[in-house]
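Visitor: Spelled out from the first residue to the last, the chains are:
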Amino acid sequence: MEHDAMNLKDPNSMNRILGIVLRSGVVLSGVVIAIGTALFIANHSLDDTSSYLAYNPSSIPHGSFPVSISSIASGLLSLDPFSIIALGFLVLLATPVVRVALSLFLFAAEKDRKFVYLTATVLAILLFSMLATPLIPLFNG
Amino acid sequence: MIVILFFLILLLASIAAGALGSIVGIGGGLIVIPILTLFLRVDIHYAIGASIVSIIATSSGAAATYVKDRITNLRIGMFLETATTTGAIIGAAIAAYLGATILEAIFGTILIISLVPLVRKIGEEYPPRQELKGIAKKLNLQGDYVERDGRKIEYNATNPGKGLAGMLVAGLISGLLGIGSGTFKVLSMDLAMKLPMKVSTTTSNFMIGVTAAASAGIYFARGDVNPLITAPVALGILIGASIGTRLLVKARNTAVRKIFALVLAGSALEMILRALGF
Numbered sequence: 001m002e003h004d005a006m007n008l009k010d011p012n013s014m015n016r017i018l019g020i021v022l023r024s025g026v027v028l029s030g031v032v033i034a035i036g037t038a039l040f041i042a043n044h045s046l047d048d049t050s051s052y053l054a055y056n057p058s059s060i061p062h063g064s065f066p067v068s069i070s071s072i073a074s075g076l077l078s079l080d081p082f083s084i085i086a087l088g089f090l091v092l093l094a095t096p097v098v099r100v101a102l103s104l105f106l107f108a109a110e111k112d113r114k115f116v117y118l119t120a121t122v123l124a125i126l127l128f129s130m131l132a133t134p135l136i137p138l139f140n141g
Numbered sequence: 142m143i144v145i146l147f148f149l150i151l152l153l154a155s156i157a158a159g160a161l162g163s164i165v166g167i168g169g170g171l172i173v174i175p176i177l178t179l180f181l182r183v184d185i186h187y188a189i190g191a192s193i194v195s196i197i198a199t200s201s202g203a204a205a206t207y208v209k210d211r212i213t214n215l216r217i218g219m220f221l222e223t224a225t226t227t228g229a230i231i232g233a234a235i236a237a238y239l240g241a242t243i244l245e246a247i248f249g250t251i252l253i254i255s256l257v258p259l260v261r262k263i264g265e266e267y268p269p270r271q272e273l274k275g276i277a278k279k280l281n282l283q284g285d286y287v288e289r290d291g292r293k294i295e296y297n298a299t300n301p302g303k304g305l306a307g308m309l310v311a312g313l314i315s316g317l318l319g320i321g322s323g324t325f326k327v328l329s330m331d332l333a334m335k336l337p338m339k340v341s342t343t344t345s346n347f348m349i350g351v352t353a354a355a356s357a358g359i360y361f362a363r364g365d366v367n368p369l370i371t372a373p374v375a376l377g378i379l380i381g382a383s384i385g386t387r388l389l390v391k392a393r394n395t396a397v398r399k400i401f402a403l404v405l406a407g408s409a410l411e412m413i414l415r416a417l418g419f
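Read top to bottom, the protein sequences are chains A and B.
Just so we're aligned, residue 1 is where the first sequence starts under this note's numbering, counting upward by one.
Just so we're aligned, residue 142 is where the second sequence starts under this note's numbering, counting upward by one.
Read the hints as simulated data drawn from the structure, not as lab findings.
Misleading hints may appear alongside valid ones.
To be verified - Keeping only pairs whose Cα atoms sit at most 27 Å apart, straight-line, the calculated BS3-like set for lysine-lysine is:
id : chain 1 : residue 1 : chain 2 : residue 2
1  : B       : K278      : A       : K114
2  : B       : K303      : A       : K114
3  : B       : K262      : B       : K303
4  : B       : K399      : B       : K262
5  : B       : K278      : A       : K9
6  : A       : K111      : B       : K279
7  : B       : K391      : B       : K262
8  : B       : K399      : B       : K209
9  : A       : K111      : B       : K278
10 : B       : K293      : B       : K391
11 : A       : K9        : B       : K209
12 : B       : K209      : A       : K114
13 : B       : K209      : B       : K278
14 : B       : K279      : A       : K9
15 : B       : K274      : A       : K114
16 : B       : K262      : B       : K274
17 : B       : K279      : B       : K303
18 : A       : K111      : B       : K209
19 : A       : K9        : A       : K111
Said to hold, decoys possible - Examples of chain B residues lying across from chain A (beta carbon under 7 Å, computed):
id : residue
20 : M142
21 : V144
22 : D184
23 : A357
Here a beta-carbon is modelled for each residue, glycine too, at the ideal position from N, C-alpha and C.
Bound conformation, chain A alone (with noise of 0.2 Å):
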């Protein structure tokens, strides 16, 4: 940044904006994170923890806390600190995909071929996982 401006073709500044952006990904899980917790303690810190942590995968949506993108957004607008939670959850599992994502301009920028279809494989298989496999009834036992 100092002696040359964010150029997208060069590698040296792609690093940098692949620092910069997981380095904000990272922080603004935490707040998150941590702004829901607060509001969870500032409430129950007394509570017993049990009737938290009863596993009943049968009957999801649990009540107890959200499991779908819209069940968050919904929590979201009630101030929900579970539904925060899980918002600073997804923000931190975005990470590794943006990484991912920006590996690919990183690799177009030192102009290896090889790799820039390498990386374009990687993220494929892990967003057809992400995103698909939820769906299939084979992967969920």
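Keeping the supplied structure of chain A fixed, place chain B upon it in accordance with the hints.
Guide: Relative to the frame of chain A, chain B by itself:
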């Protein structure tokens, strides 16, 4: 147990897991899972969900530092990641047909056997210079990093085929058992590909995050990622990883390998004990 106490115990354990995990290239499930199941009596499904959270937090928390210091070899990581993610999908697909017990016994035994070659090179600071040839040359699997005292360390990867095979197994373990299998990744890079230890652990650190993210959707949709557990684990790991990364950049490769050998022994023991029903 009351919420605040549960939270504090898990936060402290996660700080330790994040520091250790970011140094040796593993996800911290090794510490987080037994604390949750044995000590806090949490259901194993939530413990594995927490392990996924801890892997991604360790990987992303440490990444910013390792990208800046350029110890992670992104090329080697991305090359190997093709095998890991493929293995993880196959593993997740066949998990329903295989018992976890026998797998844990097998992998625990493999880890114990791999202690032998690891201990044999326990005092090795840098691997002997390898010739860059074959696939490794075609894909330019080499690199360098700068030690804190200013020395530039250059290295070439060797045996990329063995590395890929090791990563396919690592991916299978991840998919089957819901763990990061960072130990297996580090072993493949250290023993087969002969990279400097710090390059192996930081590159593993990059890879575990991608592999865990691939399976996170399944665990989240299934309801295994419980926010009461996610919050202290994610926060603790992020704090711990920022400590661990600072230690790693200054550490000697021999020191990192010694800590890794201890972690490997602990990990193997944990798997075998679990297989035996403890």
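Visitor: With reference to the structure, classify each hint as holding or not holding.
Guide: Hint by hint, here is what the structure shows:
no.	hint	result
1	K278/B / K114/A	holds, 12 Å
2	K303/B / K114/A	holds, 20 Å
3	K262/B / K303/B	holds, 19 Å
4	K399/B / K262/B	holds, 10 Å
5	K278/B / K9/A	holds, 24 Å
6	K111/A / K279/B	holds, 15 Å
7	K391/B / K262/B	holds, 21 Å
8	K399/B / K209/B	holds, 25 Å
9	K111/A / K278/B	holds, 17 Å
10	K293/B / K391/B	holds, 14 Å
11	K9/A / K209/B	holds, 18 Å
12	K209/B / K114/A	holds, 24 Å
13	K209/B / K278/B	holds, 25 Å
14	K279/B / K9/A	holds, 23 Å
15	K274/B / K114/A	holds, 17 Å
16	K262/B / K274/B	holds, 23 Å
17	K279/B / K303/B	holds, 16 Å
18	K111/A / K209/B	holds, 21 Å
19	K9/A / K111/A	holds, 9 Å
20	M142	holds, 5 Å
21	V144	holds, 5 Å
22	D184	holds, 4 Å
23	A357	holds, 5 Å
No hint from the list above goes unmet by this structure.
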